[in-house]
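Q: Got chain Z; can you put chain G on it based on the hints?
Here's the letter readout for the chains.
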Amino acid sequence: NAGVTQTPKFQVLKTGQSMTLQCAQDMNHEYMSWYRQDPGMGLRLIHYSVGAGITDQGEVPNGYNVSRSTTEDFPLRLLSAAPSQTSVYFCASSYSRVDGAGYTFGSGTRLTVV
Amino acid sequence: KQEVTQIPAALSVPEGENLVLNCSFTDSAIYNLQWFRQDPGKGLTSLLLIQSSQREQTSGRLNASLDKSSGRSTLYIAASQPGDSATYLCAVSEEDFGNEKLTFGTGTRLTIIP
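So the protein lines, in turn, are chains Z and G. Each residue of the first sequence is one higher than the last, beginning at -3 in the working numbering. Each residue of the second sequence is one higher than the last, beginning at 53 in the working numbering.
Chain Z extracted, bound-state conformation (with noise of 0.2 Å):
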């Protein structure tokens, strides 16, 4: 099925240790993004991307980097996980940053760091 897939569903991290969520989609969209979702904080932006070589950085990028290779993916890195990073963390693609088209989200992936 068309989509953002995102992998894993769940993780559980000691405190310093590194990790990478992965985010794959099949649509061809030029934009994808990282979100953080936190209790009562709604949904916030992490990095994003708007083509193959080219990310920037959004409201919280602190302690994730990102890179973008091919269209596809669009993986996000954890240098040195710190219980305040625990959180839902979503991606998300767009087809175009033209007139806003519309994202479609992943189902997430639930990161405890302890």
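Worth flagging that the hints you see were computed from the coordinates, not collected in a lab. Each residue gets a CB set at the ideal place from its N, CA and C atoms; glycine is no exception. Mixed in with the good hints there might be a few duds.
What the hints assert, rightly or not - Estimated spans, in silico, between C-beta atoms of each pair:
id, chain 1, residue 1, chain 2, residue 2, range
1, Z, Ala48, G, Ser121, 35 to 41 Å
2, Z, Gly12, G, Asp119, 48 to 54 Å
3, Z, Asp52, G, Thr163, 36 to 42 Å
4, Z, Gly12, G, Thr57, 34 to 40 Å
5, G, Ala81, Z, Thr82, 32 to 38 Å
6, Z, Ser76, G, Ser64, 38 to 44 Å
7, G, Asn115, Z, Arg73, 38 to 44 Å
8, Z, Gln53, G, Gly112, 35 to 41 Å
A: Below, chain G alone, put in the same frame as chain Z:
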């Protein structure tokens, strides 16, 4: 800075009633507004997308309206059912230094009482 507000934060209504969810935003220069549904522990499912040039969109029992000048959108749900119980999020899309930016409200948690 765009701010998106959804009031109330939670709403409970008996099955069969019609209801309205509200979303307000502070900057009217938007590309579009999108309504999402989120079930507990799940990702976001897009319900309706209203382009900035449109006034409303309909899908089945759902109708979303947009009044850009007043910075408001409503999601109308007709003949509510227990399966409609979920959190409903609105998000506005706008230009941000040549790129597209999505800003979310914190959602309305809807409970339909059988």
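Q: Hint by hint, which ones does the structure fall short of?
A: The structure conflicts with no hint, since it agrees with every one listed earlier.
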